[in-house]
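Student: Listed below, chain by chain, are the residues.
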Amino acid sequence: MTTTTDIQDNRPRISPEPAKGGLSSRALPRWSPIGFAVVAIALGVGISLAAGWHSRIQWGLISALLFLALSYVATTVVENQRQAKDRLATSIVWVCFLVAVVPLASLLWTTIVRGSERLDGYFLTHSMAGVLGPEHSGGVYHALIGTLEQVGIATVIAAPLGLLTAVYLVEYGKGALAKAVTFFVDVMTGIPSIVAGLFILSIMLMAGIEPSGLMGALALTILMIPVVVRSTEEMLKLVPNELREASLALGIPKWRTILKVVLPTAIGGITTGVMLAIARIAGETAPIMLLVFGSQLINGNPFEGAQSSLPFYIYEQYKVGEVASYDRAWAAALVLIAFVMILNLVARGIARWKAPKTGR
Amino acid sequence: MASTTPLDVPPAPPETRSRPKSTGRAGDKVFLGLSRGSGILLLVIMASIAVFLSYRAYLALSENEGNFFSTFDWNPAGDPPVFGIAVLLFGTVISSIIAMVIAVPIAVGIALFISHYAPRKLAAPLAYVIDLLAAVPSIVYGIWGALVLVPYLEGLNLWLDQFFGWTYFFEKTEIGAARSLFTVGILLAIMILPIVTSVSREVFLQVPKMNEEAALALGATRWEVIRLSVLPFGRSGIISASMLGLGRALGETMAVATVLSPSFLISLHVLNPGGGTFAQNIAAKFGEANPLGRDALIASGLVLFILTLLVNGAARLIIARRKEYSGANA
Chain A
1 MTTTTDIQDN RPRISPEPAK GGLSSRALPR WSPIGFAVVA IALGVGISLA AGWHSRIQWG
61 LISALLFLAL SYVATTVVEN QRQAKDRLAT SIVWVCFLVA VVPLASLLWT TIVRGSERLD
121 GYFLTHSMAG VLGPEHSGGV YHALIGTLEQ VGIATVIAAP LGLLTAVYLV EYGKGALAKA
181 VTFFVDVMTG IPSIVAGLFI LSIMLMAGIE PSGLMGALAL TILMIPVVVR STEEMLKLVP
241 NELREASLAL GIPKWRTILK VVLPTAIGGI TTGVMLAIAR IAGETAPIML LVFGSQLING
301 NPFEGAQSSL PFYIYEQYKV GEVASYDRAW AAALVLIAFV MILNLVARGI ARWKAPKTGR
Chain B
1001 MASTTPLDVP PAPPETRSRP KSTGRAGDKV FLGLSRGSGI LLLVIMASIA VFLSYRAYLA
1061 LSENEGNFFS TFDWNPAGDP PVFGIAVLLF GTVISSIIAM VIAVPIAVGI ALFISHYAPR
1121 KLAAPLAYVI DLLAAVPSIV YGIWGALVLV PYLEGLNLWL DQFFGWTYFF EKTEIGAARS
1181 LFTVGILLAI MILPIVTSVS REVFLQVPKM NEEAALALGA TRWEVIRLSV LPFGRSGIIS
1241 ASMLGLGRAL GETMAVATVL SPSFLISLHV LNPGGGTFAQ NIAAKFGEAN PLGRDALIAS
1301 GLVLFILTLL VNGAARLIIA RRKEYSGANA
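These protein sequences, in sequence, are chains A and B. Per this note's numbering, residue 1 is the first one in the first sequence, and the count goes up by one each step. Per this note's numbering, residue 1001 is the first one in the second sequence, and the count goes up by one each step.
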């Protein structure tokens, strides 16, 4: 007798509480992890207060360790060693996740609270011209202009180059050249931003070019291309081959098939990839510091003279080290994070909205 | 949809020059040339990064009076000019190792949490939260690290010194804020967490379901399933994910430049303020550098470039090898 079992749901159905052996074996109640957590946190806070530690990090660590120990011992006593190990692993995995969320929450919270103190219309529309470090005025306008122009130029260069490279890899790529390009795109993703900055710097030193927004944009281009290639490649691979074949069968040349059929089908994902790449390079500081030099004044011309940029502005204000400049740094950080997060959210929204219909 | 343009329309489409009865061969050639050209341009950029950096580094090294690899000093403006990367290499490696030791176990835990433990409906949003960590610009991590994390870590540092001072590493011999390689390591760990998590998660989701179900059928607990089938399958994936994270940690600039208080000393007391990394040194010394100083910084950048190239290349090779192997299994 042959029966073919077709498993539709690939994920094994693990009941939240694994089988507890026989009917006669004892088991902890379902709410026990929460109970352990409450007891552990209470004990942790108590011990920390008694010992007079100020750092909340210690409080958290003590509570986490107590939680792990408590659940392990209790399960060993009531159930058995294997169940205890299983529960320990579950607890560790939960603790890992919480440990990762704490810094993110702290970072976002601090930035929003500290940043909103200084962030207003004045801050967004004034530059730092003639403002001294300790003064509670000045703004971020010149840096906004710098960031928008540099990122804009980088996108104009990097997006078509990345797109074409991805098209080459997916539609034409065979043989050694395609393999080399694929490998080096991967490696290029890992180039530190400061090295990209040094590369442009060495060209500038040899050609005797002065620092300008354009030079910074070129370094950003190097950082942006691999990201665009990688995401576009993934998207083009999702386009069903039937569409290409249908178009080619009608006698359409390959390049028009790519332009009119393949790219429009994947355009949502490609846009998402480009926007995520923009979000990534908008936060780069190091190349700007080496190549654009930074300026307190409004310079709308990216091709000549020093400019500023948002991330560089944050660094500059942090280095001044005054209360007022820290406030400016946090406010600029809030602007930058808002810019990046909005790009991220919109990009993911577009991806969901325009997701290629792969059939089925 | 404009996807099917009739071929016999007399006015040629704007992309092509007027060419009656074109079969599109010329267009194909142009398009192939363009796309292949941009692929080649990428290779040219990579090659020229290596060439240009090497040339400037050569200029700097020929004027260096000290030994580039063993001098504990960075003074290219001096007479004679002396600079060496010993301290930078040490600081870069130590802070990255600390970051890896903290980040990799936690990242594997989070990846397991998302792939096997989290309630199913929550898995995707949780993965997104972790990805958000990657979207935060490094300079924001930098000021958060310097203004929020450093004060909070002082208590932990005293604690480590008190209870683990005997390990030598955690002995704090100098008084000062926690602007140490250890703090840098913690900050780098937070920053590389998302990439290590997302790569490991992908691998854990690829584990053949039959293996897991077989283990469950034999009565294994969830942890035993993970230990017997998920982790052995995912080992090479975890290794390559860690190396990608290592590549990030090695080259991180702004977070280190804001947090660390640099000095040109090598000390294994990681809680002491001081030390330096390649990227941090470039950021800190660039403003005041003379022409030779800039070339010297470019030389140190070249070492960093080679270091990250090796680490990333190795990680990618491991991933590529695994793909072929797992393809046969699927």
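Don't read these hints as lab results, they were simulated from the structure. Check the hints yourself; a few may be wrong.
Claimed, not checked - Derived DSSO-like pairs: lysine-lysine, alpha-carbon spacing no greater than 30 Å straight-line:
id, chain 1, residue 1, chain 2, residue 2
1, A, Lys254, A, Lys319
2, A, Lys237, B, Lys1172
3, A, Lys254, A, Lys179
4, B, Lys1121, A, Lys237
5, A, Lys85, B, Lys1209
6, B, Lys1029, A, Lys260
7, A, Lys260, A, Lys179
8, A, Lys85, A, Lys174
9, A, Lys319, A, Lys260
10, A, Lys85, A, Lys179
11, A, Lys179, B, Lys1029
12, B, Lys1209, B, Lys1121
13, A, Lys254, B, Lys1121
14, A, Lys254, A, Lys237
15, A, Lys179, A, Lys319
16, A, Lys260, A, Lys237
17, B, Lys1121, A, Lys319
18, A, Lys85, B, Lys1121
19, A, Lys237, A, Lys179
20, A, Lys237, A, Lys85
21, B, Lys1172, A, Lys354
22, A, Lys260, B, Lys1121
23, B, Lys1209, A, Lys174
What the hints assert, rightly or not - If the Cβ cut is set under 10 Å, some of the chain B residues that face chain A in the computed set are:
id, residue
24, Pro1080
25, Val1082
26, Leu1089
27, Leu1228
Keep in mind that this is a model prediction, so the values were computed, not measured. Yeah, the Cβ is synthetic: ideal placement off N, Cα and C, and Gly gets one too.
Student: The structure should be examined with respect to each hint, and the outcome stated for every one.
Tutor: Results of checking the hints against the structure:
1. A:Lys254 / A:Lys319: 55 Å, violated
2. A:Lys237 / B:Lys1172: Since the Cα atoms of Lys237 (chain A) and Lys1172 (chain B) sit roughly 54 Å apart, the hinted pair is violated (cutoff 30 Å).
3. A:Lys254 / A:Lys179: The given pair, whose Cα atoms are some 22 Å apart, holds under the 30 Å limit.
4. B:Lys1121 / A:Lys237: Holds, at roughly 28 Å.
5. A:Lys85 / B:Lys1209: 23 Å, holds
6. B:Lys1029 / A:Lys260: 17 Å, holds
7. A:Lys260 / A:Lys179: 27 Å, holds
8. A:Lys85 / A:Lys174: 50 Å, violated
9. A:Lys319 / A:Lys260: 51 Å, violated
10. A:Lys85 / A:Lys179: Roughly 45 Å separates the two Cα atoms, so the pair is violated.
11. A:Lys179 / B:Lys1029: 21 Å, holds
12. B:Lys1209 / B:Lys1121: Holds. Lys1209 (chain B) to Lys1121 (chain B) sits at ~20 Å (cutoff 30 Å).
13. A:Lys254 / B:Lys1121: 42 Å, violated
14. A:Lys254 / A:Lys237: Holds, at roughly 16 Å.
15. A:Lys179 / A:Lys319: 45 Å, violated
16. A:Lys260 / A:Lys237: This hinted pair holds, its Cα atoms lying about 16 Å apart.
17. B:Lys1121 / A:Lys319: Violated, because 44 Å separates the two Cα atoms, which is more than 30 Å.
18. A:Lys85 / B:Lys1121: 26 Å, holds
19. A:Lys237 / A:Lys179: 16 Å, holds
20. A:Lys237 / A:Lys85: With a Cα-Cα distance of about 43 Å, the restraint between Lys237 (chain A) and Lys85 (chain A) is violated, given a limit of 30 Å.
21. B:Lys1172 / A:Lys354: Status violated; Cα separation ~56 Å.
22. A:Lys260 / B:Lys1121: 38 Å, violated
23. B:Lys1209 / A:Lys174: Since the Cα atoms of Lys1209 (chain B) and Lys174 (chain A) sit roughly 33 Å apart, the hinted pair is violated (cutoff 30 Å).
24. Pro1080: Violated: closest Cβ of chain A sits about 22 Å from Pro1080 (chain B), beyond 10 Å.
25. Val1082: At about 21 Å, which exceeds the 10 Å cut-off, the nearest Cβ of chain A leaves the hint on Val1082 (chain B) violated.
26. Leu1089: 15 Å, violated
27. Leu1228: 12 Å, violated
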